[in-house]
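Work out the full structure: start from the sequences and follow the hints.
Same order as they appear, the protein sequences are chains A and B. According to this note's numbering, the first sequence is numbered sequentially starting from 1. According to this note's numbering, the second sequence is numbered sequentially starting from 1.
For the record, the hints were derived by calculation from the structure and aren't laboratory data. Some hints could be false.
Unchecked claim - Simulated coverage check for chain B against chain A, where a stretch passes if three residues somewhere in it have a Cβ under 8 Å from a Cβ of chain A: (1) 42-56; (2) 277-289.
Said to hold, decoys possible - Part of the chain A face toward chain B, derived, beta carbon under 8 Å: (3) 171; (4) 173; (5) 206; (6) 229; (7) 277; (8) 284.
Said to hold, decoys possible - To list a few chain A residues with every Cβ distance to chain B over 12 Å, as calculated: (9) 138; (10) 199; (11) 234; (12) 309.
We put the beta carbon where it would ideally sit given N, CA and C, even for glycine.
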Amino acid sequence: MADPILEVKNLHVHFETHDGTAEVINGIDFAIDRGETAALVGETGCGKSVTVKSIMGLLPSATIPEGEIRYKGEDVLSLSDAERHSRRGKEMSMIMQDPMTSLNPVLTVGEQMMDVLKWQGRPRLSLSKLVRDALSTGAKAEHRKRAIEMLGEVEISAPERVFESYPVELSGGMRQRVLIAIALLSEPDLLIADEPGTALDVTTEAKVLDLLDELVEERDTSVLYITHDLGVAREVSDRINVMYAGEIVEQAPTADLFANPQHPYTRGLLESIPTLSTGIGDGIEGHLPDYTNPPAGCRFADRCPHAEAACHEAYPYPRQTGADHATACHLFDGLPARERHESLAAERVDIGTAPWLSAGGDTHSGDAPGDISADGGTDQ
Amino acid sequence: MNDSAYTTESTAAAQRDRDLDDPMVTVENLKKHFPLFEGIFQKKAGEVRAVDGVSFSIAEGETFGLVGESGSGKTTTGRSMLRLTEPTSGRVEIDGKNVVDLSDGELKRFRRNMQIVHQDPSSSLNPRHRVKSIIEAPLKIHDYGDSEARLERVEELLDMVDLPREFMYRYPGQLSGGQKQRVGIARAVALNPKFVVLDEPTSALDVSVQARIINILEEIQEEFGITYLFITHDLSLLKNVADRIGVMYLGRLVEVGDVDSVFGSPQHPYSRALLSAISTISEEDELAKPDRITLDGEVPDPREKPSGCAFRSRCAHEFDACAVEEPELYERGPDQVARCFLHDDRFEEGAEWE
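Now the structure itself:
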């Protein structure tokens, strides 16, 4: 991580609720290198959308008591609203999750695209600007040309027609392409994609993901990819951060994570995914802890098959378990991945080592996905 | 595939043939057309043939998976089978009775034999009723014992779906998505039905919760021999739960067969494309599926289906005959049929199919 485009350090995000303060994000750290695609993977309610909205500055009701979000080395949390506004859309942009609701139904696709070009990087309304815009027709034609070009680039076959269409006239796949086109219009350096394929059919999703992949490759855009689907994350990303209950429990390069999943939550998640060759696991019993009253120790302990009494008390700081692999679990030894946890490392909690490691010696074995069953389907 | 594997498979196929001689559920040429109206006098201006001649059968205790993309008519098929929407024509025989012919009174009584688990557990449970009264509703409607017997049954059902008995007094709003879906399942199996339609029962849930729900459904099936129709868009899930599957495209079944044959060697270009689009979590799975096939365009407007084969507008193998007539279902294995002219000896284009 020599020169990361985005660095999140010890981020905490709290919300005030009727039941008290909800500590939704509890000290997460991750970074994205230039040109890299990083995935943030987790299930409903784990805080992945809150994380990206904090990065974009789209959470007016949240408080961020601690932490840094550095974009190109600059701490965006210390910037004024106007300064953040000027970076949003221009420097970093976002593809929203639901193509059905994130376009404005009363404006044509063209109007929505022109808005981006007209307003990008500008602090809100200024009268002189407005007058100048009204008088200059040249810019408008330029913007129109650029928008239609962009629609062509996301492989929409009749860009002029789509430019004049209202969102309801388009299918889900088309709308998702429009959203991608809008997000890429301003040539952002960082693109945040919040489950861009989830609302689509599989064949359409596969196409949209391939397209997105191509476009960011061409532009060397860095991407933060949010998904609940480890299969999708495996396809699109270079690095994966697995989130559970507002904490990053495991981070590793994609190939490494699948070859050697360590955190019991990651393993449980992998086992739950229906596969073609091995079948479906038992899932994970229980549910997310209450954010207004989170456990003192490991937030996953209540659902963890390997948890000991100590897990409920001691915070499982992320530790370095490999060259570029960090896991937040007491089952693993290693130096703290973050300096701020060095004091915790002194009082090490010993609950033994991971059973799947001591049993076979093969980090890959156990009931984790990996072995091929005898029944057909694999000899194609 | 080695010899022994082959024998086991063919024995299994023979067993299935026997079961299929006397199936629990038979659907014959089921159609559901929705009329379209136009203008101020609401003149009939055509129709959407959402389900357009679907036939398949399911052996007792088996799970038949129906897979397709949105708009393929899979949910409408399931709903028409239970007459939750009135089918336009066709025959649906469940446990020897043609459901389509039943009078309203007979239908109501027969419903104890056929139930459904809906897709979205949050909107399919009445938020103002407690779990107890939700699960009790079918028992009351079908005069199941007195209140004590019903209470006992509700407790039994909660045990079955792995929910604590105290949950009886909660409202759906107090439950998580997975817990709500368990209540939905308990309600569906309350009267020991012979046949249950599972309409995307887990698509609103996280995978770790999905796995639990699937396990519960399988346990219930094993214990009570219930026949399932499992509707989903998730092929990897279907590989794990179904015995046989049908692939739907624009209201028609394009491929039907036992799950291992269809996944091992899909015989319709659409099934192949669907399989190729699955995202996987291991190299083994990556190798087990066809190479990525990108389909041209999108699903056509169901009001204006292409002539001949409905899939031809997106098919890489399209040739002249495809536009002229619709292919029939060609036999491609002991229990596998596919609706594609590539398997017709009349045309030499079939050689393209490797």
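ask   = Can you name, in rising order, the numbers of the hints this structure does not satisfy?
value = Violated hints (numbers, rising): 1, 10 and 11; every other hint is consistent with the structure.
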